[in-house]
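S.K.: The primary structure of each chain is shown beneath.
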Amino acid sequence: MNVFSGAVARVSGMVARAKVLPKPAKIALWALFVIFLFLLPILNIPVISTPDSDFGGVLFTVTTYVLVALGLNIVVGYAGLLDLGYVGFYAVGAYTVGVLGSAHAHVPWLLAVPVAVVAALISGIILGAPTLRVRGDYLAIVTLGFGEIVRLTAVNSGWLGAASGISQVPRPPSVSVFSLPHLDWSSGTPIVDLSNTTTFLKFGITDQIPYYWLALMVIFVVIFFDKRIKDSRVGRSWEATREDEDAAELMGVPTFKFKLLAFAMGAFIGGLSGALFAGKQGFISPDSFPLLLSILFIAAVVVGGQGNRKGVILGAIVVAYFPERFREFQEWRVLVFGLALMMLAIFRPQGLIPPRRTVLAKQADETLEALEEGTASDA
Amino acid sequence: MQYLIANFFSLTVTGITLGAVYALVALGYTLVYGVLRLINFAHSEVFMYGTFTAMWSVMLLGGHSGASIPGVIGWIVVMFLVAMVTSGLVAVGLERVAYRPLRKRNAPPLISLISAIGASFALSELMGLRDKLAGFFGLDRKLGAYVGQARNNSAMPEILTPQPVFTIVDYQVTNVDILVVVGAILMMIVLDQFVKRSRLGRGIRAVAQDPEAAALMGVNRDRVIQVTFLVGGIMAGAAAVFYILRIGITRYDAGFILGVKAFTAAVLGGIGNLRGALLGGFVLGLAENYGSALIGTQWKDVVAFLLLVVILMFRPTGLLGESLGRSRA
Amino acid sequence: MPDITEGRAAKANATEGGRSRILEVDNVTLRFGGVVALDEVSFHINEGEILGLIGPNGAGKTTCFNVMTGVYQATSGVVRFQGSPLGRRKKFKITQLGIARTFQNIRLFANMTALENVMVGTDAHHRTGVLSAMFGLPLHRQEESDGRDRAYELLNFMGLGKKANELARNLPYGDQRRLEIARALATGPKLLCLDEPAAGFNSAEKAKLMDLIRKIRDQGYTVLLIEHDMKLVMGVTDRVVVLEFGRKIAEGLPAEVRDNPAVISAYLGVDEDAS
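Residue numbers (this note's numbering), protein chains in the order written: chain A, 1 to 379; chain B, 1 to 329; chain C, 1 to 275.
Be aware that a few hints might be false.
[Claimed, not checked] Okay, derived cross-link-like pairs now, EDC-like style, lysine to aspartate or glutamate, Cα gap no bigger than 20 Å in a straight line:
no., chain 1, residue 1, chain 2, residue 2
1, A, K230, C, D146
2, C, K90, A, E245
3, C, K231, C, D259
None of these hints come from the bench; they were simulated from the model.
Can you make the complete structure from the sequences, with help from the hints?
M.R.: Next up, the structure:
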């Protein structure tokens, strides 16, 4: 753990230095970073790129997880609500797109998405309204039940495609703006491969990269709004409710309303992520939405550091990327995952990047301990 | 509806035997929740390991159908011993490795849940990968019958052929049915007495109600918690035997669905309430059977989940209310 | 049974210019199963006064607070705030009406800063919601900055200005108590209920607190004060209500109440802080 803490410290040091740069420099740095993210699949960097599966597809999966983690972070990290059935909202979003776009109508993807997110939102409200009045640990189980009910309903409903699912789900609308060639590293040095290009934004079947770009843009929008909300009375009400719900209510916070809001927003983002997934995959079935996925989502949030936006993004990347990168160990993935969760809980429960309050609190506790030990040795 | 009425008694008896298994497993959930406020997600694996070791012991002893009654009884006794010991050990080990370290650090509930989930996956995957693991030690050939095809169903040789014993209206109650129901009720009575009368049982109730006061009264909290897990594990081991005798097959993920249903049963009866767990188990078994008769067997699992969600939404304290521990405001 | 002291209190009321009653507890009984926590308790608070609520431990003082703030529902009887009954209103609605409180055991939002704690209080009067927050609408930004200014104002008033960005859990005990008061004031109440605000203070701190309470009253708030320390009660309250075993046993001016034999016997001479 010390090696890890050392690495984190070094990165934090760099970040701290970056923070004090003048504003134009900061903006330039961010812009470069964003461009780098967009170019990632094109650059095909050897160590990062996945040998066994399409890197663009992997990146899309990672961004799906990041989006979900951001949504779940609102529910779990900000509002402190235990949700073990998040896959339910994800599935509602995906299936709405599937049903509207292929199974029972031919609504284009772009029009199906708003319906999908509203459907997810409504399901969030319907689930949340009666259950949020109930204790925390029960909420976890109710949400787990909800996730499974959604999946089992899909398995058993003919009009949802039953076990074989829905195919020919519509893709996002394409527009060809420009094409970028990939880098080919197979000879050891990067060569621009003009025969292998990706068009911005052409959504086809084989090239997954445009989906990744679309998801990336959605993430930026979500982060923008998330920041705004977190730093407002909404974020404060969530935090107060999480700290001491009764005291918060006595200070005038309508706690139930805000809990429901967090739940609904989480459901909205989950549904959005599911809609994106359906559009890219072209085919959805109940097998895409197992309980394991809900657990993975939770793991992404907890691993990263629940309540911290950057943390959960990192957590999502870790949870989504590593299994893909090391696909040859497929059989062992779940076992490793289970063991990793246990170790995380014991050794680093605050997550990889804990939220500021946890860091400050920990520092304060350490100072206090040092003081106590100091006086003990004096006495 | 027709189907329900026509098969009412067979559905009822099946529901009760199934419910007995749920009830015994539910006891484990409710005990641990009562004492630790923790949902022991991995209890399902405690159960699952019991089914496997019970099955393996029969295989090892060369169990087969058509044997004499003393032989059958012998095998069944061995099954019980092996399963209860296994499940008890797994449960206690779980407490030691996955939960105690967190308890000592005052970890928040979500973190304990994460550890529980991790343990659950780790344990079930270990069983699911047993063929590969045996392969590492070169034992996969020798232990083939036990570890082969780890991801598929494993069947136990039938040692107790269901024989009709008596008839209720139009359903023939078999010896297996009777064994399961009677055996389960016996175990429940034993547990009830244990909790009510023994010193450790009192300790469990005390810690469930007020850990600090219990500690001040000299109750060793760690010991009580260990015993709680042990007892829950033993009950699950017994349930495992009934399960494998009744159903005949098991697999590495057999714990999951059963675990959720058993937890539903515990909540249904009132989490923390032992009698509630029993009642909840039987009610759930019956509800599942009747429900699936009404809307189709493929919806069986949905019935259980729906019941869970509805109960938690509208009557979270369950049928008999919470009692083993304090109910929080 | 007619209460002699009530007559004098009414006179005091009248002499003060016949102020209106901001709160009336009218024959309130609270039962928990077999236990009667409050037994037909009746008293009132006049606008702008500092009322002390005293009594031995377990008398029902905090329970009274809890009924007034909506934590418990009275089994029978009515609590009226500014003339209208509170009814079955939710806690946060009662706070929005104008009753705020502190807690006997400090209940700050431990992992939030002092400033954030107080801002949760100012948030109570925000009218903008999540959509305005998301889009950064001008009204929302205005309310945010107003809330922040008000929070700083209150922190300074309480002497906590420099510690605005410290986590509440890291503040020394005295500051935490003061922060709770600041947070309660931030909700913009008409009636401020303080539950043993001086617990654990030494005499110097208690004297400072008395000044603070007077200053709060001078700013136009009405104060209801639960306290054990007789000196503090004598020194700062205008009137006193005494509870014992859930019943009101005396009411009146501080000096009268102190000499009331029923009150003396209730305390059995146990005076928390004789110093």
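S.K.: The structure should be examined with respect to each hint, and the outcome stated for every one.
M.R.: Evaluation of the provided hints:
1. A:K230 <-> C:D146: Roughly 18 Å between the alpha carbons, so the hint for K230 (chain A) and D146 (chain C) holds.
2. C:K90 <-> A:E245: Measuring from Cα to Cα gives roughly 13 Å; hence the hint holds.
3. C:K231 <-> C:D259: Holds - the C-alpha atoms of D259 (chain C) and K231 (chain C) are around 14 Å apart, at most 20 Å.
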